[in-house]
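Asker: Work the whole structure out from these sequences, hints included.
Order-wise, the sequence lines are chains Y and D.
Residues in the first sequence are numbered from 359 upward in steps of one, following our numbering.
Residues in the second sequence are numbered from 28 upward in steps of one, following our numbering.
These aren't lab readings, by the way, just hints derived from the structure by calculation.
Where a beta carbon is used, it is the ideal one built from N, C-alpha and C, also for glycine.
Check before you lean on any hint, since a few could be wrong.
Okay, the calculated bits of chain D under chain Y, using three or more residues with CB under 8 Å as the criterion [said to hold, decoys possible]: (1) 69-77; (2) 104-111; (3) 196-204; (4) 208-215.
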Amino acid sequence: MFLTPEEWTAVILSLRVATVATAVALPFGIAVAYALARSRFWGKPLVEAIVYLPLVLPPVVTGYLLLITFGRRAPVGAFLAEHFGIVFSFRWTGAALACGIMAFPLMVRAIGLSIEAIDRRLEDAASTLGAKPMWRFTTITLPLALPGIIAGGMLAFARALGEFGATITFVSNIPGETQIISAAIYTLTQVPGGDAAALRLVIISVVVSLGALVVSEVLARRATARLHGG
Amino acid sequence: MLAVDVEKQLGELALRASFENAGGIAALFGPSGAGKTSIINMIAGLLTPDRGRIVLDNDVLFDDQVRINVPPWKRRIGTVFQEGRLFPHLSVRHNLDYGRWMSGLAADAKAFAHVVDLLDIGPLLDRRPGKLSGGERQRVAVGRALLMQPRLLLLDEPLASLDAARKRDIVPYLERLRDEASVPMIYVSHDPSEVKHIASRVVRLEDGKVAAVGGVELLP
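Answerer: Spelled out as structure tokens, the structure:
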């Protein structure tokens, strides 16, 4: 494709943000999905509601909440910056955080469904064969949930790639730092003569998202086939 | 030596069972709904009794008085379930090795070969459970439980999911298992002809209570 260096920057940045957001969110997504699917604890409906909140909140609201929590002068943001040198505001890491949080509910949903579908009697069988809970989880539960984990990861990746509202509210729209594809498209539509460039990015966006969905479908299908004989 | 003395309320059924097995193979016999599987699950550690005591070879596995409840993964009791419960994502060979891996036992090629030979599952080793017939699946499940070197083997209706022809195919393997393996067993069944083939001692269970203990003459 004939992209300008600026457009390339936005594409590469988007891929990096979405990849990091998905990779960092995945272990948390698996842990939360497992806890919600398997355990009963006080306040579970509340935890469930909070996890799914980004799905129903206007993205701008999520971005604003991130800003007043993880901004440089905000309590959590200041603490992280001072003690760990982690800065989110107006950095690509902040974009990854926003994308990760926006994609989290979809991830948890897909993984949770696949964990709920696991025959728990198989886990009991593993216990009788000497598997401690942690080993039982890694050798039985996790592999059996793999189709859902792949689907959840890819869905989250595609969602992160398309993130706009929360990211632009939280970390603004700085070319080369926080300007992901959707923000770049928005900017281009606001300037005269930007249509062609916007269209190029739209095509890239469609191709990458479609690619992610196709890959996830193929991988999940393969993993499912592996589980049921073959 | 296994000593079971347990109580548990299971919905309508008040389970209250007490029996011993000094070794060899004992059948837990009774109609469905009598609480046989629940007792097996309690011995395996998958179900917690309300009250009582379970002792295996002087090792207390459960005692509500002194609050002992050994988790299933520490009991070393091999269990063969009615539906086999092979792990679908692992080959037959890895299913057979699973107990050894999880129990941290060293590879024992001789024991492996012996069990594979005993149950005649050599040709199946590289297959997935999804590609096995019901009878093959149950033979692999027996092998998997044997290879963890259990102190006790529990067989919970291992033939119930098979049709009559398949049952006839697998009974000889169970007889060989009884004659060649030295591990004590509890064999659960509701089918008197099956029990006659395999067990010499019978614990008859009715409505959650032990109705009689004795030889095969207790069978209808």
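Asker: All hints, please: hold or fail.
Answerer: Status of the hints after comparison with the structure:
Check on the region 69-77 of chain D: 3 of its residues sit with their Cβ under 8 Å from a Cβ of chain Y, so the three-residue criterion for coverage holds. A stretch counts as covered by a chain when three or more of its residues have a beta carbon under 8 Å from one of that chain; for the region 104-111 of chain D and chain Y the count is 5, and the coverage holds. Judged by the Cβ-Cβ criterion of 8 Å, the region 196-204 of chain D is not covered by chain Y as claimed, because only 0 of its residues qualify and three are needed. For a cut-off of 8 Å, the count of residues in the region 208-215 of chain D with a CB near a CB of chain Y stands at 0, and the three-residue condition is violated.
Of the numbered hints listed earlier, those contradicted by the structure are 3, 4.
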